[in-house]
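Visitor: Just so you know, the sequences run in chain order A and B. Anchor point for the first sequence: position 104 equals 104 in the numbering used here, and the numbering is continuous, going up by one each time. Anchor point for the second sequence: position 23 equals 592 in the numbering used here, and the numbering is continuous, going up by one each time.
Take these hints with a grain of salt, some might be off.
[To be verified] Computed Cβ-Cβ distance ranges for the label pairs, DEER-style:
1) A/Leu-280 to B/Phe-590: 29 to 35 Å
2) B/Gly-583 to A/Gln-38: 42 to 48 Å
3) A/Ile-415 to B/Leu-576: 54 to 60 Å
[What the hints assert, rightly or not] Derived SDA-like pairs (lysine to any residue); straight-line CA-CA distance at most 20 Å:
4) A/Lys-189 to B/Thr-584
5) A/Lys-562 to A/Gly-453
6) A/Lys-189 to B/Leu-597
7) A/Lys-246 to A/Gln-38
8) A/Lys-443 to A/Gly-453
9) A/Lys-443 to A/Lys-189
10) A/Lys-189 to B/Ile-580
11) A/Lys-443 to A/Pro-525
12) A/Lys-443 to A/Lys-562
[Unchecked claim] Here are some chain A residues the structure puts well away from chain B; computed CB gaps all over 12 Å:
13) Ala-43
14) Ser-155
15) Leu-159
16) Ser-184
17) Gly-227
18) Leu-228
19) Asp-243
20) Gln-258
21) Gly-324
22) Ser-328
23) Phe-333
24) Gly-419
25) Asp-446
Read the hints as simulated data drawn from the structure, not as lab findings. Just so you know, even glycine gets a beta-carbon here, dropped at the ideal spot from N, CA and C.
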Amino acid sequence: MAPPPRDSWGSRLGVILAVAGSAVGLGNFIRFPGQAAQFGGGAFMIAYAISFLIIGLPIGWAEWAMGRYAGQRGYHSAAGVFHCLIPWRGSKYIGVIGAIIPLVIFMYYVVIEAWTLGYTVRFVRAIFDPALRFQTVADSQAYFGRFVGSAADGSALRLDLDSLLPWLAVVVVVNLVLIYRGISAGIQKVCEIGMPVLLVLSLLVLARVLTLGTPDPAFPERNVSTGLGYMWNPGKTLVVGEDGGKIAEVVDADAVRQRERAEAMAAATPGARVERRTMLSQLADPDLWLAAAGQIFFSLSVGFGVILVYASYVGPRDDIVLSGLTASATNEFCEVALGGLITLPAAVAFLGVAGVAGQGTFGLGFNVLPMVFSAMPAGSLFGAMFFLVLFIAAITSSLSMLQPGIALLEEALGIGRKGSVGLLGTLTALGTGFVAWFSRDLKALDTLDFWVGTFLIFVLAMIQIVLFGWAFGIGRGWEELHRGGAIRLPGFFRPIFRYVCPGFLVTIFVLWFLKNVVGLGRTEPSSYVADLFEKGEPVAWLSIGVVLVVSVGLAATIASSKRYADDEA
Amino acid sequence: MQPAGLLVMAISVGTVTALFFWCVWLVLTRPSGEVEQGPDDHRRS
C-alpha cells in the first residue's frame with residue numbers, strides 16, 4: 001500500500017493555475033514577440049502551431065500521466081517517478097535530472113525575478129518622482145547594467161534600491177516562505193491570486209498600448225500599426241548588404257510603399273540590395289522551425305521536471321487531460337494574445353523598427369521597454385503594472401522550481417517540510433549567491449541557462465516522451481491519461497505520442513545541438529563551447545562545477561536512501 | 570500592418586483566445602470522469 005501523499009491540490013482549478021503559473025513567465029511577454037518578429041508572424045505561427053500540437057501538448061500530457069501514476073504509488077519526485085515506472089536500479093539516477101534542472105534554474109531565475117521586482121518598485125517611485133523616468137534607451141541600458149552588475153563581478157551586491165541585492169533577498173525569502181506553506185496553502189494559493197491578477201493587469205497594459213496611436217507626429221511611421229505589422233506581417237522586406245547581412249527591415253501598411261521605401265534605402269547604401277522573404281521561403285528555413293519549436297518547448301515548461309511532480313499530487317479519479325490542455329491554453333493566451341500584442345507594438349511606436357530590431361530578450365524587456373513606458377502618457381503607472389506582471393509570472397514559475405527538490409528530499413530522506421525547505425533553502429541560497437556575485441556580462445546566469453535551462457531540458461524531454469510511449473507503454477499511458485478524464489483525446493494522438501513527437505523532438509534537438517554547440521553553419525564555435533574549451537573562462541567552468549556539485553549531491557542522496565532500497569529489496 | 574498581417578494576427582489571437590475560453594468553459598461545466606470508455610482503451614502497444 002502506497003503511503004498517502006503528505007499534501008495535495010485543493011481543487012482542479014488550483015492545479016491548473018499552478019501548472020499555468022509555472023509555464024507563464026518572462027518568455028511569454030519578451031521572448032516570444034522577438035522570436036516571431038524575427039521570422040515574420042505568418043511563417044512563425046504555422047511552425048509554432050504545429051510544434052504546439054506535436055511537441056508541447058504530448059510531452060505535457062505524458063508528464064501529467066506519468067506523474068499522477070507514480071504519485072498514486074507514493075512517489076512525488078522525478079527520481080521516484082522514474083524508479084516507479086522503470087523496473088531497473090539505475091532508473092532513479094536518470095530521473096534525478098528532473099530535480100537537477102529546476103534546482104539549478106531556480107538559482108538564476110530568482111535573480112531575474114529580483115530584477116522584475118526592482119523595476120516594479122522603480123516605476124512606482126517614478127509615478128511620484130518624474131526624475132526617475134528613463135529619457136533614452138541608453139539611459140535605461142546604463143541603469144540596467146548598474147542594477148544587475150554587468151560591468152564587474154560583485155558590483156550588483158550593493159545595499160540600495162537601484163541594485164539587485166535588496167530585491168534578491170526579498171524574493172529568496174518570499175519563495176522559501178511560500179514553498180514552506182506547501183502545495184495547497186502555498187503554491188496553489190499564490191497562483192489562484194497571482195494568475196487572475198496577472199491577466200487583469202496585462203489586459204490593462206494591452207488597452208494602453210493599443211490606444212497609443214502615433215505618439216510622435218514627427219515620426220509618423222512609428223506607430224502601433226507598424227509595430228503590429230513588424231510582429232505579424234507574414235513576409236519580410238529587408239535591405240541587406242553585399243555579404244547578405246541585414247542592414248534594415250522596412251515595415252509599412254502598404255506593401256507597394258514598403259517595397260519602394262526599401263529600394264530607396266538600398267539605392268542610398270553602397271552595395272545594398274532589397275531582399276524579400278516570403279512566408280514560404282521562411283518556412284523552408286530550418287532556423288525558423290528550430291526557433292518555433294524551441295519557443296513552444298520552453299514556453300510550456302515541458303521537460304523541466306515540474307509537471308511530473310505537480311501531477312503526482314493529483315487524485316486518482318481527477319481529470320488530467322482537460323487540466324493539461326487548459327494550463328497549456330492559458331500559457332498560449334498569455335503568450336500570443338497578450339505578449340504578442342503588447343511588447344513590440346509599444347516599442348516600435350516609440351523607437352521605430354530600427355530601434356527595436358536585434359534586441360534580445362533581456363534587451364527588449366529591460367533596456368527598451370523601461371524607456372518606452374517612461375515616454376508614454378501615464379507610463380510610470382503602466383510600467384509598474386507591466387513589471388508587476390513579469391514579477392507575478394516569475395514567482396509562480398520560481399515556486400514551481402522549488403517543489404521538485406522539496407519532493408526529492410522529503411521522499412529520499414524521509415524528512416518533513418521544515419527540514420527539506422531548510423536544506424534546499426541553504427543550497428539554493430548558495431547557488432543564487434554564486435550567480436549574483438559572478439555578474440560580469442551575466443556570465444554565470446547565461447552559462448547555466450544554456451547548459452541546464454536549454455540543453456538538459458531537451459535531454460529530459462526526450463527521455464520522458466520515449467519513456468511514456470515505449471517503456472511505460474502507450475497502452476498504459478493512454479489509459480492513465482484518461483482515467484477520470486473530463487474529455488477524450490482523438491485517437492490520432494496515440495501515434496503522435498509514440499512516433500511523431502519523439503521523432504520531431506530528436507530532429508529539433510540534433511539541429512539545435514549542431515548549430516548551438518558544435519557551431520555548424522557558423523564561422524566559429526558556439527560561444528558557450530568556446531568559453532569552456534577555447535578560452536577556459538573561469539566563471540563558465542565554475543558554473544559547470546555548480547551543476548556537478550548539485551548532481552552528485554542529489555545522486556548521493558538517492559543512493560543513500562532507504563526508501564528506494566526497500567522497494568528494490 | 571498589412572491586410573495579410575491583420576489576418577495572421579486575427580487567426581492566431583482568435584485561436585488561442587477561443588481555445589482558452591473553451592477550456593475554461595469545459596473546466597467549469599465538466600466534472601472529472603465524464604469520458605466514456607472507447608475502442609482506443611482496449612488497444613495495447
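Visitor: Evaluate each hint against the coordinates.
Guide: Outcome of the hint check:
1. About 32 Å separates the C-beta atoms of A/Leu-280 and B/Phe-590, a value consistent with the hinted range of 29 to 35 Å.
2. For B/Gly-583 and A/Gln-38, the Cβ-Cβ distance of about 23 Å falls outside the hinted range of 42 to 48 Å, so the restraint is violated.
3. Checking the proposed 54 to 60 Å range against A/Ile-415 and B/Leu-576 shows it holds: the Cβ atoms sit about 57 Å from each other.
4. Pair hint A/Lys-189 plus B/Thr-584 does not hold up; C-alpha atoms about 29 Å apart against a cutoff of 20 Å.
5. Under the criterion of a C-alpha separation no larger than 20 Å, the hint pairing A/Lys-562 with A/Gly-453 is inconsistent with the structure, at around 31 Å.
6. Pair hint A/Lys-189 plus B/Leu-597 holds up; C-alpha atoms about 19 Å apart against a cutoff of 20 Å.
7. Among the hinted pairs, A/Lys-246 with A/Gln-38 is consistent with the structure: their alpha-carbon atoms are about 11 Å apart, no more than 20 Å.
8. Pair hint A/Lys-443 plus A/Gly-453 holds up; C-alpha atoms about 14 Å apart against a cutoff of 20 Å.
9. About 35 Å separates the Cα atoms of A/Lys-443 and A/Lys-189, which puts this hinted pair outside 20 Å; it is violated.
10. With a C-alpha separation of about 34 Å, the suggested pair A/Lys-189 and B/Ile-580 falls outside the 20 Å cut-off, and the hint is violated.
11. For the hint pairing A/Lys-443 with A/Pro-525, the CA-to-CA distance comes to about 17 Å; that is within 20 Å, so the pair holds.
12. Straight-line distance between C-alpha atoms of A/Lys-443 and A/Lys-562 comes to about 39 Å, which puts the hinted pair past the 20 Å bound.
13. At roughly 9 Å, the least C-beta separation between A/Ala-43 and chain B is not larger than 12 Å, which violates its mark as non-interface.
14. Every CB of chain B lies more than 12 Å from the CB of A/Ser-155, the least distance being 41 Å, so the non-interface label holds.
15. Here A/Leu-159 stays apart from chain B, with its beta-carbon at least about 43 Å from theirs, past the 12 Å limit.
16. No Cβ of chain B comes within 12 Å of the Cβ of A/Ser-184; the nearest lies about 17 Å off, and the non-interface call holds.
17. Residue placement check: A/Gly-227 does not keep its beta carbon more than 12 Å from all beta carbons of chain B (closest about 8 Å).
18. The beta carbon of A/Leu-228 sits about 4 Å from the closest Cβ of chain B, which is not more than 12 Å, so the claim that it is off the interface is violated.
19. Under the 12 Å C-beta cut-off, the non-interface status given to A/Asp-243 relative to chain B holds; the minimum distance is some 29 Å.
20. Against chain B, the non-interface label of A/Gln-258 is violated: not every CB pair exceeds 12 Å, the least being about 8 Å.
21. Distance check for A/Gly-324 against chain B: the nearest CB is about 10 Å away, which does not clear 12 Å, and the non-interface claim fails.
22. Remark: the non-interface label on A/Ser-328 conflicts with the geometry, its nearest Cβ contact in chain B lying 9 Å away (cut-off 12 Å).
23. Not every beta carbon of chain B lies more than 12 Å from that of A/Phe-333, the smallest distance being close to 4 Å; the non-interface claim is violated.
24. With a least beta-carbon separation of about 34 Å from chain B, A/Gly-419 lies farther than 12 Å from that chain, consistent with its non-interface assignment.
25. Once the 12 Å rule is applied to beta carbons, A/Asp-446 is consistent with being away from chain B; the minimum gap is 30 Å.
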